[in-house]
Amino acid sequence: MRFIPSLVGSLLFALAGLSAMAAEAGQTSQIERLKRELAAAPLADKPHLLRGWAVQDVLPKLGEVAASVDPKFAGVQATGRKIRHLDYSGPIDVRQELFASENYWRGVMEMVQGNPLIAVLPVFLHIANGDWDQANRQAQILRPYNNADSLAGEELNNAIACLEICREAVATEVKRGIALHDRGQYAEAVQIYQGILDAGIHSAWARYELFFSKIQENDQAVFRDLASGKDTSSWDHAAMEIYAFDPMYGTQFTGRRGKDMGALQARLELLALAAKPPKKIEEHLQKYADLALKLEAYPTAAQLYWNMLGLKKVKLSVDERIMRYLYCLEKMGVGGIKQNFKGSFDGEFKKLDQELAKYRSM
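Just so you know, we're using our numbering here: the sequence shown kicks off at 442 and counts up by one.
It is worth saying that the hints were derived from the structure and are not from the lab. Misleading hints may appear alongside valid ones.
Said to hold, decoys possible - List of simulated lysine-lysine pairs, DSSO-like, C-alpha gap at most 27 Å:
{"hint": "1", "residue 1": "Lys791", "residue 2": "Lys756"}
{"hint": "2", "residue 1": "Lys799", "residue 2": "Lys735"}
{"hint": "3", "residue 1": "Lys717", "residue 2": "Lys756"}
{"hint": "4", "residue 1": "Lys728", "residue 2": "Lys756"}
{"hint": "5", "residue 1": "Lys616", "residue 2": "Lys655"}
{"hint": "6", "residue 1": "Lys720", "residue 2": "Lys754"}
{"hint": "7", "residue 1": "Lys756", "residue 2": "Lys792"}
{"hint": "8", "residue 1": "Lys720", "residue 2": "Lys735"}
{"hint": "9", "residue 1": "Lys523", "residue 2": "Lys502"}
{"hint": "10", "residue 1": "Lys772", "residue 2": "Lys720"}
{"hint": "11", "residue 1": "Lys721", "residue 2": "Lys754"}
{"hint": "12", "residue 1": "Lys754", "residue 2": "Lys717"}
{"hint": "13", "residue 1": "Lys513", "residue 2": "Lys616"}
{"hint": "14", "residue 1": "Lys728", "residue 2": "Lys772"}
{"hint": "15", "residue 1": "Lys717", "residue 2": "Lys728"}
{"hint": "16", "residue 1": "Lys753", "residue 2": "Lys735"}
{"hint": "17", "residue 1": "Lys476", "residue 2": "Lys513"}
{"hint": "18", "residue 1": "Lys717", "residue 2": "Lys772"}
{"hint": "19", "residue 1": "Lys756", "residue 2": "Lys721"}
{"hint": "20", "residue 1": "Lys799", "residue 2": "Lys728"}
{"hint": "21", "residue 1": "Lys728", "residue 2": "Lys754"}
{"hint": "22", "residue 1": "Lys792", "residue 2": "Lys772"}
{"hint": "23", "residue 1": "Lys616", "residue 2": "Lys476"}
{"hint": "24", "residue 1": "Lys799", "residue 2": "Lys772"}
{"hint": "25", "residue 1": "Lys753", "residue 2": "Lys783"}
{"hint": "26", "residue 1": "Lys502", "residue 2": "Lys476"}
{"hint": "27", "residue 1": "Lys754", "residue 2": "Lys792"}
{"hint": "28", "residue 1": "Lys523", "residue 2": "Lys513"}
{"hint": "29", "residue 1": "Lys735", "residue 2": "Lys792"}
Every value quoted in this text rests on a predicted model; they were computed, and no experiment measured them.
Based on the sequences and whatever the hints tell you, model everything.
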């Protein structure tokens with residue numbers, strides 16, 4: 442097994458003063474009030490409420506706690522400072538601000554497992570952007586390891602609860618649109634899907650159904666060409682937005698030989714995994730991580746491989762999990778972290794590149 446000389450001690454780090462006991466009653470009443478407001482609000486108002494909570498309440502608190510830690514936890518501290526000074530007036534490039542940051546991943550590794558002070562930050566930045574799908578995906582991969590006795594752990598649970606309310610409302614609207622589509626009322630279905638997106642909700646499902654209904658509404662010839670593979674330009678345009686909203690969205694309209702067909706296969710495997718998950722959590726997590734890797738959802742894959750380091754019954758060895766974690770970081774432009782691990786990874790990275798290229802070129 443490879444060791445992490447400069448970080449092993451950091452993994453034992455538990456932040457003092459993060460117990461949810463402080464102001465617990467006030468925190469509980471505040472989040473319960475927010476959940477009631479979210480449940481009662483029209484769908485178009487939910488993004489504003491959720492964003493306000495993330496930007497005005499949660500992120501300042503988490504940023505302050507992270508920025509105030511002992512300077513020896515450099516990644517945690519630097520990431521906290523970044524969160525405190527981010528410009529929240531417009532869309533936030535979560536990939537650039539966090540996932541492409543060496544300090545972010547260093548901070549993830551410096552935190553004791555169960556306290557997601559750093560790993561939970563993308564959840565709230567995605568919420569601020571209206572990226573509910575991506576916020577929920579990040580939250581769910583942290584959930585099995587979460588200790589709600591920390592401030593970050595408590596806020597993670599709050600985010601999951603609030604996102605569930607909001608995403609259920611989106612699902613209700615999308616299903617209403619699908620029912621209209623199935624009755625041939627394409628224009629009315631389009632109006633519903635467009636309304637979801639116009640509210641600032643980046644729903645991959647709504648965008649997929651919008652594509653499908655627009656094609657049916659506007660041009661049957663285009664639909665036939667698309668279905669036959671003769672002309673897929675309309676799908677190519679829609680797919681860019683769909684997978685920007687959720688890189689691991691489980692549906693793909695068409696696939697052609699090459700990378701596109703590999704992605705289609707991976708998405709079909711995602712659907713199968715969701716429909717019939719393995720009984721063993723270790724097997725489920727590894728399959729999910731490997732599919733994220735195949736779909737180039739590197740932030741998701743990296744977090745999953747890192748989370749799995751403490752699990753025993755995983756087919757991948759600890760060294761292989763570390764290698765895949767570092768490979769994902771390398772693909773996001775974070776190459777310096779591997780210097781904290783013994784050995785050279787160039788040969789293993791090249792071999793994995795070849796394996797993935799073969800899968801993606803089917």
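Hint check:
1. Among the hinted pairs, Lys791 with Lys756 is consistent with the structure: their alpha-carbon atoms are about 21 Å apart, no more than 27 Å.
2. At roughly 11 Å between alpha-carbon atoms, Lys799 and Lys735 fall within 27 Å of each other, so this suggested pair holds.
3. A distance of roughly 19 Å separates the Cα atoms of Lys717 and Lys756; the hinted pair therefore holds under the 27 Å criterion.
4. Taken as a hint, the Lys728 and Lys756 pair is honoured in the structure, with Cα atoms around 10 Å apart against an allowance of 27 Å.
5. Distance hint between Lys616 and Lys655 is fulfilled; the C-alpha atoms sit about 16 Å from each other, no more than 27 Å.
6. Taken as a hint, the Lys720 and Lys754 pair is honoured in the structure, with Cα atoms around 13 Å apart against an allowance of 27 Å.
7. Using a Cα cut-off of 27 Å, the hinted pair Lys756 and Lys792 holds, with the two alpha carbons roughly 18 Å apart.
8. Only pairs whose Cα atoms come within 27 Å are accepted, and Lys720 paired with Lys735 is accepted, the gap being roughly 23 Å.
9. A C-alpha spacing of about 13 Å is found between Lys523 and Lys502, which places the hinted pair at or below 27 Å, so the restraint holds.
10. For the hint linking Lys772 to Lys720, the alpha-carbon distance of about 31 Å lies beyond 27 Å, and the restraint is violated.
11. For the suggested pair Lys721 and Lys754, the alpha carbons sit about 9 Å apart, so the restraint of at most 27 Å is met.
12. Note on Lys754 and Lys717: the hinted pairing holds, with a Cα-Cα distance of about 20 Å set against a maximum of 27 Å.
13. With a CA separation close to 51 Å, the supplied pair Lys513 and Lys616 exceeds the 27 Å bound.
14. For the hint linking Lys728 to Lys772, the alpha-carbon distance of about 20 Å falls within 27 Å, and the restraint holds.
15. Of the pairs offered as hints, the one joining Lys717 and Lys728 holds, with about 12 Å between alpha carbons and a cut-off of 27 Å not exceeded.
16. With a C-alpha separation of about 24 Å, the suggested pairing of Lys753 with Lys735 holds against the 27 Å cut-off.
17. For the given pair, Lys476 sits about 38 Å from Lys513 by alpha-carbon distance, which is inconsistent with the 27 Å threshold.
18. For the suggested pair Lys717 and Lys772, the alpha carbons sit about 30 Å apart, so the restraint of at most 27 Å is broken.
19. With a CA separation close to 12 Å, the supplied pair Lys756 and Lys721 stays within the 27 Å bound.
20. Between Lys799 and Lys728 the alpha-carbon distance is near 18 Å, which keeps this suggested pair within the 27 Å criterion.
21. Taken as a hint, the Lys728 and Lys754 pair is honoured in the structure, with Cα atoms around 13 Å apart against an allowance of 27 Å.
22. Simply put, Lys792 and Lys772 have alpha-carbon atoms about 14 Å apart, close enough for the 27 Å limit, and the pair holds.
23. For a cut-off of 27 Å, the pair hint linking Lys616 to Lys476 stands: about 23 Å separates their Cα positions.
24. With a CA separation close to 17 Å, the supplied pair Lys799 and Lys772 stays within the 27 Å bound.
25. Between Lys753 and Lys783 the CA atoms are separated by roughly 21 Å; this keeps the pair inside 27 Å, and the hint holds.
26. Restraint check: the Cα-Cα separation between Lys502 and Lys476 comes to about 19 Å, which is no more than 27 Å; the hinted pair holds.
27. Distance restraint check for Lys754 and Lys792: the Cα-Cα separation of roughly 24 Å lies within the 27 Å cut-off, and the hinted pair is therefore satisfied.
28. A C-alpha spacing of about 17 Å is found between Lys523 and Lys513, which places the hinted pair at or below 27 Å, so the restraint holds.
29. Distance check on the hinted pair: Lys735 and Lys792 sit about 14 Å apart at the alpha-carbon level, within 27 Å; holds.
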